[in-house]
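Chemist: Work the whole structure out from these sequences, hints included.
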Amino acid sequence: MLASHSIKFTQSLLLKNASTTTRAFQICSFRSALSHLSPNQNSIFKPSANNQRASFSRSVVFYNEEKKQQAQSQQEEPKEEQQKQNTDQQQQSDETPKKSYFKKLLSPANLILPAVFGIILYNFAKYDVRQKKREAELDRQASSKAVKAVGTPKLGGAFTLVNTKGEVITDSEFRGKFMFMYFGFTNCPDVCPTEMKKMTKALQMLEKEHPELADKIVPIFVSCDPPRDSCTAVSEYLQDYHPKFIGLTGTPDQISRVCKKYRVYYNAPDYKEGKQDYLVDHSIFIYLMDPYGHLAEYFAQNTTADKVYERVLASIQDYKWD
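Quick note on numbering: the UniProt record's numbering labels position 68 of the sequence shown as 68, and the sequence is numbered without any gaps.
Keep in mind that a hint or two might mislead.
Derived pair list, reagent style SDA-like, types lysine to any residue, alpha-carbon separation capped at 25 Å [to be verified]:
#1 LYS165 / ASN187
#2 LYS201 / ALA314
#3 LYS208 / SER315
#4 LYS132 / PRO211
#5 LYS261 / PRO291
#6 LYS201 / ASN187
#7 LYS133 / MET205
Since the hints were derived computationally from the structure, they do not count as laboratory data.
Modeler: Shown next, in the form of structure tokens:
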């Protein structure tokens, strides 16, 4: 009885722990052991035919399942390896075009084209600047020839006025310098400030580009509105413009005489009415008088500050200084 229990325990242990591939061998060994038992003992463990077939079938199924799993694992390993290789190749192929692109981008052939384009653009800009200067010179020469063809207008002359300090000033005090003159009034809302700014810009350009010539010109503002434009009013008005501006005013008779000599038209209400809120209608010209008080250039309202600067510079440079 004890032997039978031991044999059953051994059989169950072997069937439970053994791998599927060795179970058939274990069963055969077990059967061989049974053959050495006595008939009575052997009958206890001898299975029926049906049980034998079922046990063998299960062993075969277990064996086939294990083989199938081994085959699947062997097939999956090459697939994983192939996928890894494909991923590495894809990464290399993705990096190759980038390296190739930057290599081509930095190639001498691609660097030469922007350099050539930059040189062409630079030369074109220089040509454009030279062309503009040449056009300005041609305009000045044409204007000079036109003036000479009809004769220089009789404009300018002696005057006596008062500066912002209340000092009497005559035209003779500006001999030896170009007079850069404008006639207006301090209460002008738009035209006069625009022209004064134009003169200021031209003077600043002259000081920047040709500082050696800046002392050869003096800017002058002459008021056409003596009742309101006192010395103090003119002085305050000029604070917004070039610091070299000299402000001149005077009596109505003095202003009338100087405006006639410089061909300046102006029209204001009757001063005797005592009105303070009014506008003065006047002609809009900037005059450039040479060191002897003769007209050198004049500039209409539509002349730009750049053109004014170019023509003022040319007049100073072309003048035959003693």
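Chemist: Identify every previously stated hint that the structure contradicts and give their numbers, smallest first.
Modeler: When the structure is compared with the hints, none of them turns out to be violated.
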